[in-house]
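**Q** Residue-level listing of the chains:
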Amino acid sequence: MKLITAIIKPYKIDEVKEALQAFGIAGMTVSEASGFGRQRGHTEVYRGAEYKIDLIPKLRLEVIVDDKDASAVIDTIVKAANSGSIGDGKVWSIPVEEIVRVRTGERGPDAI
Amino acid sequence: MQINAGDTAWIIVASALVLLMTPGLAFFYGGMVRSKNVLGMLAQNYVTMGVVSVLWVLGVYSLAFNGKNSLIGNFHQFGLAHMGEQATGFALTIPPLVFVAFQLMFAIITPALITGGIADRMKFGAWIIFSGVWLILVYAPIAHWVFSPSGWLFKKGAEDFAGGTVVHANAGAAALAVILVLGKRHGWPKERMRPHNVPFVLLGAGLLWFGWFGFNAGSALAANNLSAYAFVNTNTATAAALLGWLIVEKLRDGHATTLGAASGAVAGLVAITPACGFVSPLGSIAIGLAAGVVCALAVGLKNIFKFDDALDVVGVHLVGGVLGALLIGFFGTKAINGANGLFYHGGWHLLGIQTICVLAAVIYSFVATYIIAFVMDKTIGLRISQEQEYQGMDLSLHSETAYETASGGLR
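Chains as they are written, first to last, in the numbering used here: chain V, 1 to 112; chain H, 1 to 411.
Hints are computed from structural coordinates only; laboratory data are not their basis.
Any given hint might turn out to be false.
Stated by the list, open to error - Pulled from the structure, derived: some chain H residues nowhere near chain V, Cβ distances all over 12 Å: (1) G67; (2) F231; (3) V248; (4) C295; (5) I353.
To be verified - Heads up, incomplete: computed chain H residues facing chain V, CB under 7 Å, no partners named: (6) E191; (7) R194; (8) K250; (9) A256; (10) V299; (11) I304.
Ideal Cβ placement from N, Cα and C applies to all residues, glycine included.
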C-alpha cells in the first residue's frame with residue numbers, strides 16, 4: 001500500500017476530488033497547509049509598508065491506495081491539479097506498513 | 001437662556017452618536033491587530049467607556065467645565081450636583097445635564113484613541129489605572145483650557161470647534177509618550193504584523209464616520225445653521241481625505257487599498273474636527289485633501305524614527321489634529337463663524353493663536369503623559385511578559401479566544 005500526499009492550489013480541490021472520485025478511490029483526507037516552494041511568497045502593502053508573505057496557503061490531500069493503483073492515482077492528481085503556472089504544488093508517495101479500519105478491525109488492503 | 005426642545009433633542013441624539021464612535025474605534029483598531037490580540041483591543045476600548053463614564057460623574061466633568069479659574073475647574077459639581085447651573089460661561093439652550101452627557105462621550109473616546117498606539121503589549125489593569133489617571137491629569141485640564149469659556153486658550157481666541165486639539169492632537173501626543181515608555185512589541189519591525197481582519201477596519205471606520213456627525217455637528221450645541229455647516233464640512237473633508245490617501249497609495253505603491261480608504265476617511269474626520277464650524281465647504285475640501293495626503297505620508301515616520309506606533313495614532317491623530325487646527329488659521333472665515341484666517345484677509349493673527357494652542361496642548365499632553373507612564377512603569381509595571389505577548393492578549397489576559405480556528409472544516 002502507498003500513502004500519496006499532494007500539495008495543491010486551494011482552488012483546484014474540487015477538480016482533483018472529482019477526478020479521484022471518478023477514478024474510484026475509497027476516501028481521502030484534506031487539510032489546510034502553508035509553505036513555499038519555487039514560487040516563493042508574495043508581497044502585501046498595508047499603509048505603505050510592504051509585508052513579505054513567505055508562507056502561502058495550500059491544501060494538503062492524502063490518499064491511501066493499493067500498490068497497483070498508486071501510479072495512476074498520482075497521474076490523476078497531477079492532471080487535475082495542473083494549471084500550468086508556478087506554484088501548482090507537488091505529489092509524492094511513501095510505502096504504508098499497516099492500515100486498520102477502526103470500526104471492523106479489518107487490516108491491509110481490505111481496510112483501504 | 002430658554003431651553004429649546006429642538007436643540008435638546010439633537011444634542012441627546014448627538015451624544016448617543018458620539019458614544020457609538022468608541023465601539024467603532026474598537027473595531028477599526030481591532031481589525032488591524034493580529035487575531036490573537038483582537039479581544040485585548042476591544043476590551044481596552046470597552047473598559048474605557050466604563051472608567052470614564054463613572055469618573056465623569058465623580059468630579060471630572062466639574063474639573064473640566066466648572067469655575068472661573070483659567071487653568072483648571074473645581075469640584076463644585078462633583079456627583080453632578082448643582083445641575084440647575086450651566087457650565088461656567090456657557091449660555092446654552094439645552095439642559096446642563098445634556099451638556100454633561102455630550103461632553104462625556106468626548107472624554108471617553110480621547111483616551112480610547114491611545115489604545116491604537118500601544119496595541120498588543122499593555123497590561124489590562126495598568127490600562128484601566130492609566131486611563132483614569134490620564135483623564136484627570138491630562139484630559140480635564142486641556143478640555144478646560146480650550147473648551148471652557150474660563151480657559152486661558154479659549155480666552156485667547158483659540159478655535160477648536162469639536163476637539164481637534166483637545167481630543168486628537170492630545171491623544172496623539174499622549175500615545176507617543178506611552179509608546180516611548182512601553183517600548184516596541186517583540187519582533188517589531190523585523191516581524192511584520194499584518195491586520196487580521198480588514199473588513200472590521202472598514203466597518204469601524206464606517207461607524208466612526210457616522211458617529212462623527214454627532215461629534216462635529218453636535219458641537220454647535222444647537223440644531224441650527226452652524227450645525228448644518230459642521231455636518232456638511234465633516235462629510236466633504238472626509239470624502240476628500242479618502243481620495244487623497246488613495247491617490248498617494250496609487251502613485252507610491254501602485255495599488256489603492258481598502259485599508260487606505262478607511263485610513264484616509266479617519267484622517268479627514270480628524271483634521272476637519274477643529275475646523276468644521278469655522279470654514280466653508282470649499283475650505284473643507286482643501287483641509288480634507290491635505291489631511292489625506294499628509295497623513296498617508298506621516299504614517300511612515302514610525303519606520304524612520306523606529307517608534308512602534310502600532311496602529312498609527314501619531315501619524316493620523318497627532319498629525320491630522322495639528323494640521324486641522326493650524327489650517328483654521330488659513331481657511332477660517334467670519335462668513336461661517338469665528339475669525340478670519342490668512343486667506344480671508346484676517347492676517348497672521350488667527351494662525352498665531354492656533355499655533356500657541358496646539359503647542360500648549362501637545363507639549364503638556366506629551367510631558368504629563370510621559371511622567372504618568374514612567375511612574376506607573378517603575379511601580380506597578382505597564383507591560384505584559386514576553387510569553388504573554390507571544391501567546392496573545394486574548395488568551396493570556398482575558399482567558400478567551402476570538403475565533404474558533406477552522407482546522408476541521410475547509411473555509
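**Q** Now, for every hint given, state plainly whether the structure supports it.
**A** Quick rundown of the hints versus the structure:
1. G67: 43 Å, holds
2. F231: Nearest chain V Cβ is 28 Å from F231 (chain H), so the label holds.
3. V248: 8 Å, violated
4. C295: The claim is violated: C295 (chain H) sits with its nearest Cβ about 10 Å from chain V, within 12 Å.
5. I353: 33 Å, holds
6. E191: 10 Å, violated
7. R194: 6 Å, holds
8. K250: 11 Å, violated
9. A256: 10 Å, violated
10. V299: 5 Å, holds
11. I304: Violated: closest Cβ of chain V sits about 12 Å from I304 (chain H), beyond 7 Å.
This entry does not satisfy hints 3, 4, 6, 8, 9 and 11, going by the numbered hints stated previously.
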